[in-house]
Amino acid sequence: MKEIFQLTFQQNCNLSLSYIHTSENPSDYLSRVYSKSDASISKRTWIYIQQKFGPHSVDMFSLDSNAMLDNEGFEISHFTPYKTPLSSGVDAFAQIYKSSEIYYAFPPFCLISAVVKFIIQEKITCTLIFPDFKPVKPWFTVILSYSKEIVTIGYKGDKGVLLYPSKKGFLPDKRGLQCNLCAAKFSFIGDNNTCADKYSKIISTNPQKFIPVLFIGDSIIRFLTDVYDNVHVVSNGGAKLMDSFHCLIRLIDILDVFVVIFHSGTNDLNKHFKPGDIQLKNAKKDIQYVFSSIRDLQTKHDIAFVFSGCIKTCNDVVNFRINDFNTHSKELCRRFNFFFIDNSNISKRGLVDSVHLNETGRNMFIQNLNGFMS
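Each number in our numbering comes from the position in the sequence shown (counting from 1) with 627 added on.
Incorrect hints may appear among the rest.
[To be verified] In silico BS3-like links for lysine-lysine, alpha-carbon gap of 27 Å or less:
| # | residue 1 | residue 2 |
| --- | --- | --- |
| 1 | K670 | K775 |
| 2 | K710 | K725 |
| 3 | K761 | K801 |
| 4 | K761 | K812 |
| 5 | K794 | K710 |
[As the list claims (entries may be wrong)] Pair ranges (Cβ atoms, derived):
| # | residue 1 | residue 2 | range |
| --- | --- | --- | --- |
| 6 | P682 | D904 | 53 to 59 Å |
| 7 | F701 | T852 | 49 to 55 Å |
| 8 | F885 | D923 | 14 to 20 Å |
| 9 | K764 | L634 | 17 to 23 Å |
| 10 | D691 | T852 | 41 to 47 Å |
| 11 | S727 | D923 | 36 to 42 Å |
| 12 | H928 | N972 | 52 to 58 Å |
| 13 | I647 | D691 | 36 to 42 Å |
| 14 | Q637 | P682 | 48 to 54 Å |
| 15 | T635 | D691 | 28 to 34 Å |
| 16 | G803 | F701 | 41 to 47 Å |
| 17 | N972 | D853 | 20 to 26 Å |
| 18 | H928 | F701 | 48 to 54 Å |
FYI, nobody ran anything at the bench for these hints, they're computed from the structure. Note that the structure is predicted; figures quoted are calculated from it, not measured. Just so you know, even glycine gets a beta-carbon here, dropped at the ideal spot from N, CA and C.
From just these sequences and the hints, can you work out the full model?
This is the structure we're talking about:
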């Protein structure tokens, strides 16, 4: 109060104060409006993204109130839509980007197309958060073509993945996600192989556009390359369900396929550093999503879909999850009217190590496939 009095005395002015209720004050209007476009991801989701693609140093689309934190708990630099006290710059599209930084982008959904173009144009090392809308948006194939890796960070119906602004701060979403939420890693330094580039050689060395049967999966199916003449095998070592699915989306747009055989490896179920129940839950959600998406694809492409079940490993604990997953997948195949190849007859005797097939296991796998191929 003394400082205010001193200022008015020095300036020889009169200061008159009056109370105006916030609802009657036009200048307070924006402070009373909460937009879903200002949403943020939960702490748990952010930690996962930091470990997977980080550490991130700059938040491209943020407010002072929801800027993300680094591993030490301090706010990372962030760009805001307008000038604020803690802002490192106004308007993400007007900034100069450094190749040494890893940027994080969770833009309003209406800006995703522009953001993707901007990331590619400026060659920004960045993690982009985006919704997996259905039907698929045009920018999804662009993300698939240029990103290094795509992971699902939240599934349709999940609660608490997003935080929305309110009078009490940022609170967990209680309605649940309206669609899957994904994160894509963009990097234009060093190895320039993208998700799509992994399969470009396969496509370029196969001038035949018509593929009677496309067999897609992890390294388990690699030996099938020389077994069938009319089967085009795409084997990606370490691939999870969503990795194979994103590859399938890309290939279907390029090749004319009659039958798709989708083999489910064990990479979604055998990670020792993750709780088994969480792995099983996420794998079930992924396969539900894959099957629903395949059904949507069948409205545009005349393809038959065949699902090849998981093969057991040498680990009895993992096998328990595999049995549960296969039972769930078989029921989904029945519901969606897809074919199901049962590989439960392949036991530990058919393995050369903990997961890969020896000659006995390969012969049994071929026998299971022949039952369908014939």
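Requested in this report: Could you tell me which of the numbered hints above are not met by this structure, giving the numbers in increasing order?
Outcome: 6, 9, 10, 12, 13, 16
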